[in-house]
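Enquirer: Numbering-wise, the sequence shown is residues 1 to 350 according to full-length UniProt numbering.
Mixed in with the good hints there might be a few duds.
[As the list claims (entries may be wrong)] DSS-like, lysine-lysine: derived pairs with alpha carbons at most 27 Å apart: (1) Lys3 <-> Lys331; (2) Lys185 <-> Lys95; (3) Lys145 <-> Lys95; (4) Lys95 <-> Lys3; (5) Lys185 <-> Lys145; (6) Lys304 <-> Lys177; (7) Lys95 <-> Lys304; (8) Lys119 <-> Lys177; (9) Lys331 <-> Lys283; (10) Lys331 <-> Lys119.
[Claimed, not checked] Just the calculated beta-carbon pair ranges, DEER-fashion: (11) Lys331 <-> Gly282: 15 to 23 Å; (12) Gln52 <-> Glu87: 50 to 58 Å; (13) Glu174 <-> Pro81: 40 to 48 Å; (14) Gly266 <-> Gln142: 38 to 46 Å; (15) Asp149 <-> Glu322: 54 to 62 Å; (16) Glu343 <-> Gly47: 39 to 47 Å; (17) Met1 <-> Tyr216: 15 to 23 Å.
No lab work stands behind these hints: they were computed from the structure. For every residue, glycine included, the Cβ atom is placed at its ideal position computed from N, Cα and C.
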Amino acid sequence: MPKIVTLPGDGIGPEVTAAAVEVLREVAPDLTFEEHAIGGMAYDAHGDPFPQRTRDALADADAVLLGTVGGPQNSPWNSLPRPMRPESGLLALRKALGCYANLRPVRVQPGLEHLSPLKPELARGVDILIVRELLGGVYFDQDRKIDGDTAYNTMRYTTPEVERVARMAFWAAEQRKGRVTSVDKANVLEVSELWRRDVQALRDRDYRNIHLNHEYVDSVAMLIVSDPSRYDVIVTENLFGDILSDLAAVIPGSLGLMPSASLGDGAGLFEPIHGSAPDIAGKGIANPAAAIMSAAMLLRHGLKRSDAANQIERAVALALREEPTRDLGGKADTRTFTNAVLEAMGTPVG
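All chains, please: the whole structure from these sequences, using the hints.
Expert: Next comes the structure, spelled out in structure tokens:
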């Protein structure tokens, strides 16, 4: 029986995670679930945003389902030393799992073009997969410091780090349209020169069937919203990927529609990319679609159950058309939308 570790986290995390688990239980009743703490709530309970008991639970997990981490800008958590802040728990979790590649699909479902702020002719048919390197760059490099009026962070990559995430992007492209855009800033950054060189070399050596294009990050930031259909798979480093994937999240209409999968050496980590939304936490109105679709990615990438994943994704698309949530201009709350998904899957709702 596959073991799923759930980490509801902070803010709306427990609400959307509960919805995702409910859907998973219906489509895959053989799964077992074990809940643990992470983030700010973990610090409050255990004095650590990534406590040892949570770390230990990952050892035999088949997949990890995460809610959200963090609090409001004025949260006392933000005044803690950096290693004790909620976000540090998330970074430590990714490192513990060896999740070096973050997959963020940006898809506009047929019939849902009206949810996008883009013109319908631009939004129609958009289907992008952003592959973000997740364990390197400025977020993880230890060469960092604030020294009086001077501060610095270091962006550093090695050839093995570039190759392993590029390989993930090429693998994904083989199952899609066969096109990869590698994003860098090679005109001004040496680390981007290395990135471009290594991605190109890997393609020429092992993936000659893939069409590879190199583009600068500032150009992509414009084109991803002005001509999104030009992209199939985008691969880039940690900081650029963080920014571009949040920018691209506007295309489907809401961060509440953006799931993700973080893959690497061990159990995969699956989570919505939206924040903890503390202003609406506990009100039962959060959009659980991204968490539920993250559960679908868990089934597809973590447990190799594509049929069950497809079933969930079809049900979510139908529920979005029939019971849109408040962030999408509808009236559905968390419970109503979850019920709509379950009904679309053929599950009776009492």
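Enquirer: Now look at each hint and say whether the structure bears it out.
Expert: Hint by hint, here is what the structure shows:
| no. | hint | verdict |
| --- | --- | --- |
| 1 | Lys3 <-> Lys331 | violated, 35 Å |
| 2 | Lys185 <-> Lys95 | holds, 25 Å |
| 3 | Lys145 <-> Lys95 | holds, 21 Å |
| 4 | Lys95 <-> Lys3 | holds, 20 Å |
| 5 | Lys185 <-> Lys145 | holds, 24 Å |
| 6 | Lys304 <-> Lys177 | holds, 21 Å |
| 7 | Lys95 <-> Lys304 | holds, 23 Å |
| 8 | Lys119 <-> Lys177 | holds, 24 Å |
| 9 | Lys331 <-> Lys283 | holds, 14 Å |
| 10 | Lys331 <-> Lys119 | holds, 23 Å |
| 11 | Lys331 <-> Gly282: 15 to 23 Å | holds, 19 Å |
| 12 | Gln52 <-> Glu87: 50 to 58 Å | violated, 19 Å |
| 13 | Glu174 <-> Pro81: 40 to 48 Å | holds, 44 Å |
| 14 | Gly266 <-> Gln142: 38 to 46 Å | violated, 22 Å |
| 15 | Asp149 <-> Glu322: 54 to 62 Å | holds, 57 Å |
| 16 | Glu343 <-> Gly47: 39 to 47 Å | holds, 43 Å |
| 17 | Met1 <-> Tyr216: 15 to 23 Å | violated, 48 Å |
Hints 1, 12, 14 and 17 from the earlier list are contradicted by this structure; the remaining hints agree with it.
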